[in-house]
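Protein chains: 2
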Amino acid sequence: MTIIEHAEEIEHLSSGKTRVLVPTMGALHHGHERLIRHGRSLAGKAGQLIVSIFVNPTQFGPGEDFETYPRTPAEDRSLCIAAGTDILFQPTVEEMYSAEQDLGTNADTKLTGTLCGPDRPGHFDGVCTVVNKLFSLIQPDIAVFGKKDYQQLAVIKQMASNLKMPVKIIGSETIREKDGLAMSSRNRYLSAQQRAQAPVLYKALKGISENNNLESAARIKAARDMIAREAPLGKISYLQIVDRETMQELMEIDRPALAATAVQFGTARLIDNIEIDPVI
Amino acid sequence: MTIIEHAEEIEHLSSGKTRVLVPTMGALHHGHERLIRHGRSLAGKAGQLIVSIFVNPTQFGPGEDFETYPRTPAEDRSLCIAAGTDILFQPTVEEMYSAEQDLGTNADTKLTGTLCGPDRPGHFDGVCTVVNKLFSLIQPDIAVFGKKDYQQLAVIKQMASNLKMPVKIIGSETIREKDGLAMSSRNRYLSAQQRAQAPVLYKALKGISENNNLESAARIKAARDMIAREAPLGKISYLQIVDRETMQELMEIDRPALAATAVQFGTARLIDNIEIDPVI
Chain A
46 MTIIEHAEEI
56 EHLSSGKTRV
66 LVPTMGALHH
76 GHERLIRHGR
86 SLAGKAGQLI
96 VSIFVNPTQF
106 GPGEDFETYP
116 RTPAEDRSLC
126 IAAGTDILFQ
136 PTVEEMYSAE
146 QDLGTNADTK
156 LTGTLCGPDR
166 PGHFDGVCTV
176 VNKLFSLIQP
186 DIAVFGKKDY
196 QQLAVIKQMA
206 SNLKMPVKII
216 GSETIREKDG
226 LAMSSRNRYL
236 SAQQRAQAPV
246 LYKALKGISE
256 NNNLESAARI
266 KAARDMIARE
276 APLGKISYLQ
286 IVDRETMQEL
296 MEIDRPALAA
306 TAVQFGTARL
316 IDNIEIDPVI
Chain B
46 MTIIEHAEEI
56 EHLSSGKTRV
66 LVPTMGALHH
76 GHERLIRHGR
86 SLAGKAGQLI
96 VSIFVNPTQF
106 GPGEDFETYP
116 RTPAEDRSLC
126 IAAGTDILFQ
136 PTVEEMYSAE
146 QDLGTNADTK
156 LTGTLCGPDR
166 PGHFDGVCTV
176 VNKLFSLIQP
186 DIAVFGKKDY
196 QQLAVIKQMA
206 SNLKMPVKII
216 GSETIREKDG
226 LAMSSRNRYL
236 SAQQRAQAPV
246 LYKALKGISE
256 NNNLESAARI
266 KAARDMIARE
276 APLGKISYLQ
286 IVDRETMQEL
296 MEIDRPALAA
306 TAVQFGTARL
316 IDNIEIDPVI
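Just so you know, the sequences run in chain order A and B. Those letters in the first sequence? Residues 46 to 325, by the numbering used here. Those letters in the second sequence? Residues 46 to 325, by the numbering used here.
Possibly wrong hints are sitting among the right ones.
Because identical chains cannot be distinguished in the list, a pair is counted as satisfied if it fits within a single copy or across any two copies.
Claimed, not checked - Computed list of lysine-lysine pairs in DSSO-like fashion (alpha-carbon distance at most 30 Å, straight line):
#, residue 1, residue 2
1, Lys248, Lys90
2, Lys213, Lys280
3, Lys251, Lys202
4, Lys280, Lys266
These aren't lab readings, by the way, just hints derived from the structure by calculation. This structure is a prediction, so every number in the text was calculated from the model and none was measured.
Model the full structure from these sequences, guided by the hints.
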């Protein structure tokens, strides 16, 4: 595995091979490993698999956890090697944001008006800006993003389409602990008590997905009640059923839908979601 | 010359050659011709010269001249052929803005806080968004922009740098009528009387550039007085000396500077500028 830390070096990578990019913020866990292995399979033996690790300051809001976000460079490198990475791109903040005042991507569209958007103003602008930069530098043919950040995946698909970027965006399945908790670098912020309550997110979402006999509003209410009851240490930011493409709230599951939630446990903001297909 | 009207077709252009892009809004005049010939010389015989013609709706504000902007497709094609264009890319609005609600580039930085920026809110966002799309589709190695739109050139340089785009941005000299008026597709909006007064823009800017013995403020005042006197049909939007890189106002010409002006003649908003180097 080659490690590249400077933008100019990655720009001059030899091309001709299919290039697959897996962008991450590091603090890699088993969920990332599966994401990287998915990237490896998309690249094939002949292709080039690039993992980027960059904790992007512009996607963190004031009071969010940019400074304290976990950084585990040595473990990340081992995991990248084990998962078949060809190139690890680890630029510095100075390298990615060299200008005094940076121009970026404006992600203020319908897609970001729901779910995490209102809770995290500027977050998706920051995500799109850094992904735009990574795409410009690396020129991938394919980029892989986790479905745990489903809204992010939808926004990046929109960006690639709107800005005519020559890259295919692939979503990769969420990987879970045995008790259902979606793997996340932020899970390590949880106390033992919070950790014990956190699996209720997935349990509640599964309830929504399985309660075919109930109206959407009733399903949502049951899920909220379950979280309130089983996770008294958590505070629900949102719990909604949305159109899987547009991220707009759905009153009736008459098209491919997504049930999504964000719950704050102390300093940890956990998100999760589940795809729900309409019953035909 | 090949004419391409669909985004997918330009995406699959064979590569390997140096690609030079000259983006325009059509209504091509002799100034564009020189711009295209400049592009041809940068591409060389072996390279590929692409001219795009697209009247970009998102860079026009409400009440501006999007609908009435001159469109002269037949003449444009002849001029492109004469100037050595290999590929003419002429997409439709639907092709470039396919989505209901588009995500774009946010150009709200220091650079756009002066000169044309405050007069035309959203203008540079629209410019950067469409150029971003054109770059994604065409993947040019070099792109050429006219210096008449100096602030636009500076903003696009900033975008390419900030977003790490693998393209070199080249500025091309302003071409003028014999009486000094900068060539512009909008000159055809001028009445005979307005046309007779319009050369004062350049005359006033030259005055600023040549009056080395005066302070900047005095030079500006003299130029404003000259425009008021010689172009009573014009209304000055701005007339300023700015830093050529940052577009911030300069009180003293102690670095590479630009004197720039915008004057409204009826429906025609004319802009012009002149580079001024510090006297050593």
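Taking the hints in turn, this is what the structure says about them:
For a Cα distance limit of 30 Å, the shortest separation of Lys248 from Lys90 qualifies neither inside one copy, at 38 Å, nor across copies, at 65 Å. Taking the shortest Cα distances, Lys213 and Lys280 never come within 30 Å of each other, neither inside one copy (36 Å) nor across copies (50 Å). With identical chains, the CA atoms of Lys251 and Lys202 are at most 30 Å apart within one copy only, with a shortest distance of 26 Å there and 49 Å across copies. When the C-alpha separation of Lys280 and Lys266 is checked against a cutoff of 30 Å, the pair qualifies only within one copy, where the shortest distance is 15 Å, while the shortest distance between copies is 62 Å.
Comparing the model with each numbered hint stated earlier shows that hints 1 and 2 do not hold.
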